[in-house]
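These are the residues of each chain, in order.
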Amino acid sequence: MSTEPRDPRKLIDHLFRHQSGRMVAILTRLFGIHNLELAEDVLQDTLHEALRSWGTAGIPDNPEGWLMVVAKRKAINIIKREKFYRSFAGDMDTLLKSEWTAAYTMDQVFLEDEIRDSQLRMIFTCCHPDLPAEARVALTLKTLCGFSIAEIGAALLTSEANIQKRLYRAKEKIRSENKIIDFSVPAGGLLRERLDVVLLVLYLLFNEGYSATGDNPVLRKDLCLEAMRLGMLLTEHSSTSGYPPLYALMALLCLHAARFDARLDPNNALVILQDQDRNNWDAALIDRGMQFLALSARGGSATAYHLEAAIAAEHCLAPDFASTDWNKIHGYYTALAQLKPSSVIRLNLAIATGKKDGPRAAITLLHELEQHKALENYYLLYASLGEFYCQIGDRHHATDYFLQAKTLARSPGIRELLDRKLSATQTPPHPDTHS
Amino acid sequence: MNQFLIIVRGSDHTAASPEKLQARMAAFNEWVQKVLNGRFVGGAPLEDGDARLLKSKTEMATDGPFLESKEMISGYMIINADDIEEATRLTRECPLLGEFRLEVRRLKPMA
Numbered sequence: 001m002s003t004e005p006r007d008p009r010k011l012i013d014h015l016f017r018h019q020s021g022r023m024v025a026i027l028t029r030l031f032g033i034h035n036l037e038l039a040e041d042v043l044q045d046t047l048h049e050a051l052r053s054w055g056t057a058g059i060p061d062n063p064e065g066w067l068m069v070v071a072k073r074k075a076i077n078i079i080k081r082e083k084f085y086r087s088f089a090g091d092m093d094t095l096l097k098s099e100w101t102a103a104y105t106m107d108q109v110f111l112e113d114e115i116r117d118s119q120l121r122m123i124f125t126c127c128h129p130d131l132p133a134e135a136r137v138a139l140t141l142k143t144l145c146g147f148s149i150a151e152i153g154a155a156l157l158t159s160e161a162n163i164q165k166r167l168y169r170a171k172e173k174i175r176s177e178n179k180i181i182d183f184s185v186p187a188g189g190l191l192r193e194r195l196d197v198v199l200l201v202l203y204l205l206f207n208e209g210y211s212a213t214g215d216n217p218v219l220r221k222d223l224c225l226e227a228m229r230l231g232m233l234l235t236e237h238s239s240t241s242g243y244p245p246l247y248a249l250m251a252l253l254c255l256h257a258a259r260f261d262a263r264l265d266p267n268n269a270l271v272i273l274q275d276q277d278r279n280n281w282d283a284a285l286i287d288r289g290m291q292f293l294a295l296s297a298r299g300g301s302a303t304a305y306h307l308e309a310a311i312a313a314e315h316c317l318a319p320d321f322a323s324t325d326w327n328k329i330h331g332y333y334t335a336l337a338q339l340k341p342s343s344v345i346r347l348n349l350a351i352a353t354g355k356k357d358g359p360r361a362a363i364t365l366l367h368e369l370e371q372h373k374a375l376e377n378y379y380l381l382y383a384s385l386g387e388f389y390c391q392i393g394d395r396h397h398a399t400d401y402f403l404q405a406k407t408l409a410r411s412p413g414i415r416e417l418l419d420r421k422l423s424a425t426q427t428p429p430h431p432d433t434h435s
Numbered sequence: 001m002n003q004f005l006i007i008v009r010g011s012d013h014t015a016a017s018p019e020k021l022q023a024r025m026a027a028f029n030e031w032v033q034k035v036l037n038g039r040f041v042g043g044a045p046l047e048d049g050d051a052r053l054l055k056s057k058t059e060m061a062t063d064g065p066f067l068e069s070k071e072m073i074s075g076y077m078i079i080n081a082d083d084i085e086e087a088t089r090l091t092r093e094c095p096l097l098g099e100f101r102l103e104v105r106r107l108k109p110m111a
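One line per chain: the protein sequences are A and B, in this order. First residue of the first sequence: 1, per our numbering; consecutive thereafter. First residue of the second sequence: 1, per our numbering; consecutive thereafter.
Treat the hints as calculated values from the structure; they're not laboratory data. It is possible that some hints are incorrect.
Below 25 Å or equal to it, Euclidean Cα-Cα: the simulated PhoX-like pairs (lysine-lysine) are [as the list claims (entries may be wrong)]:
{"hint": "1", "chain 1": "A", "residue 1": "179", "chain 2": "A", "residue 2": "83"}
{"hint": "2", "chain 1": "A", "residue 1": "83", "chain 2": "A", "residue 2": "72"}
{"hint": "3", "chain 1": "A", "residue 1": "373", "chain 2": "A", "residue 2": "406"}
{"hint": "4", "chain 1": "A", "residue 1": "72", "chain 2": "B", "residue 2": "20"}
{"hint": "5", "chain 1": "A", "residue 1": "179", "chain 2": "A", "residue 2": "165"}
{"hint": "6", "chain 1": "B", "residue 1": "34", "chain 2": "A", "residue 2": "83"}
Given these sequences and hints, build the entire structure.
In structure tokens, the structure reads:
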């Protein structure tokens, strides 16, 4: 999915980011969730040692293995040094503290299966329903995805200080309530409920990356890839695989991600769906998405993820924009609006209605939505009004709405797109506008 | 619930291959995790070399081995068990048994 960079500094950044989540998870498995900060310290210590050592000796042949071995050695030292006054993971505390069992227990924990299992535990801890919703996303990015505080701030469009506060409070809560917010994969009836929270966090994570409201496209793509990676982890684990909404979400993420590169032009400006070169869509990801969509159909009920994935699939399967099946998409949005009555979904429904029944039907619906508080600062409402007014040849209204959208759009890519729309409204309407 | 001391008696002079040591360690840990299943409290194997026997405040301490090698203590463990019967039953499944002799003793509870 991602390409390995060649530049050594970038290689190290990339490697650290990708190994951090694994290392913190396994160290937390050993030390216990109440020692999450200790696990993070050992990770930092390991990364510093890698930088020092690799700077003189060069990058080793198996840098991932090197990092794990060093992290393990540091963990052993801590356990030896602190075993009389620190308690480690409840189920292995005595085993780690006795010479009869310590080395063997340690070796077992550092096996690949256990590393994967630990990451799964970490997902459920970071996405615990008792943590504030905004802390879940930040904590997931920090501990599972190896993002720095600065990167999380940039990704979530907030200050580093704010992220630091969120993380600090979340960790305090985990430390003081580690009997409730524990480090385990929930079992029985609780599993679905908890899994739904995890899916929501992954969905938000992906959306943050995909919505293109920031100006760091590489970082934003990483958010999407991380959401997909964590989702894959869930599909590979026997206790969480087989849950239909998980497959629906994975289908949704794959089908959106398939269009990732085609959505941006060489200057990172956004290219809208109808102008995207469909040859640049990632066919392998579309296949993957369709496989997940098939797996998701085994469940009884259609969730919002199912409907959103079905919409994405319609777009991906249409050979060109003109042959998009707007009837079907309109149907999915209608169902989605009933399931999840949000203003943004009604906005999308209005757009689909416009494609199906013509621009005047859409304009009526969009004007109703102008009363919605949630949309009052949402550029897409005004951009859509501009677009449909443009289609009926009302250049005056179109210009007004495009200008209003432009003042609300935060992303430079979108502002550029709106500039193009604005200059297009100055020239006579295009002969083949679909109305 | 009582605590029991398991004294591991005997010493292993045969040089085992790394594979054999690994297998022995795996079997022992399996016993701790599956048979003792949370009843393991602690303990350690003991070094053969550095040992002194002190008989009084004045008499010179002597080096080991002090006894026949089969009497030598090679390690100890503490486990939880309801009574001596249960402790015995658990200990009988310990894979050290055979190469070593295991003495099970109940710890006097704190008064």
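Hint-by-hint comparison with the structure:
no., hint, in the structure
1, A/179 / A/83, "21 Å, holds"
2, A/83 / A/72, "16 Å, holds"
3, A/373 / A/406, "19 Å, holds"
4, A/72 / B/20, "24 Å, holds"
5, A/179 / A/165, "23 Å, holds"
6, B/34 / A/83, "24 Å, holds"
Going down the numbered hints, you'll see the structure goes against none, and every one checks out.
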